[in-house]
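Engineer: Sequence:
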Amino acid sequence: MVDDDNVHQQPANPSCLRINSTINSFFMTCHAGIRDTKLEGYEEKFTYKKIDVALQATLELEITAPLRSKVLISKNLKRRRKNSDLLITKLRSVVDVERKKVGDAKFELKCVVETHAKDVGVIQSK
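Numbering of the sequence shown is given in my numbering, commencing with residue 16 and proceeding in unit increments.
Just so you know, the hints here were simulated from the structure itself, not pulled from any lab data.
Accuracy of the hints is not assured; some may be wrong.
[To be verified] Derived DSSO-like pairs: lysine-lysine, alpha-carbon spacing no greater than 27 Å straight-line: (1) Lys116 - Lys105; (2) Lys105 - Lys115; (3) Lys105 - Lys90; (4) Lys116 - Lys133; (5) Lys105 - Lys93; (6) Lys125 - Lys115; (7) Lys97 - Lys85; (8) Lys105 - Lys121; (9) Lys121 - Lys133.
[To be verified] Just the calculated beta-carbon pair ranges, DEER-fashion: (10) Leu102 - Lys125: 30 to 36 Å; (11) Asp119 - Leu87: 46 to 52 Å; (12) Glu113 - Val135: 30 to 36 Å; (13) Val135 - Val110: 33 to 39 Å; (14) Asp134 - Thr104: 41 to 47 Å.
Predicted model only: the values in this text are computed from it and were never measured.
We put the CB at the ideal spot given by N, CA and C, even for glycine.
Could you put the whole structure together from the sequences, leaning on the hints where they help?
Structural biologist: So this is what it looks like as structure tokens:
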């Protein structure tokens, strides 16, 4: 007679359990191998992507670095030209001031010489 509650239960057979365990472990191993292969493929793609990004960045640096340096050199030259123009303007103003001082000194010296010549002429006439 069969018990209605235990219709689906089978007696535990050690060889069936061992086979079932072996099959399960085989499928788990296969599943893990497939998963690892997928991960390795993903990691390779990720690594290649990293390498591609690094190469692209390196190429951009190699291309843009000379341009940037030329731009910086150009800016430095413009700044130096502007600074030299300012310096030239300052020096010209200093030279103009000195010329005026020399002109004033010459005029004063001329006045002193004329005054002295008049004094000498007066002395000689007496």
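Engineer: Could you run down the list of hints and mark each one as holding or not?
Structural biologist: Now for the hints, and whether the structure bears them out:
no.	hint	result
1	Lys116 - Lys105	holds (17 Å)
2	Lys105 - Lys115	holds (15 Å)
3	Lys105 - Lys90	holds (22 Å)
4	Lys116 - Lys133	holds (26 Å)
5	Lys105 - Lys93	holds (18 Å)
6	Lys125 - Lys115	holds (15 Å)
7	Lys97 - Lys85	holds (18 Å)
8	Lys105 - Lys121	holds (24 Å)
9	Lys121 - Lys133	holds (18 Å)
10	Leu102 - Lys125: 30 to 36 Å	holds (34 Å)
11	Asp119 - Leu87: 46 to 52 Å	holds (47 Å)
12	Glu113 - Val135: 30 to 36 Å	holds (32 Å)
13	Val135 - Val110: 33 to 39 Å	holds (36 Å)
14	Asp134 - Thr104: 41 to 47 Å	holds (45 Å)
In terms of the numbered hints stated before, the structure departs from none.
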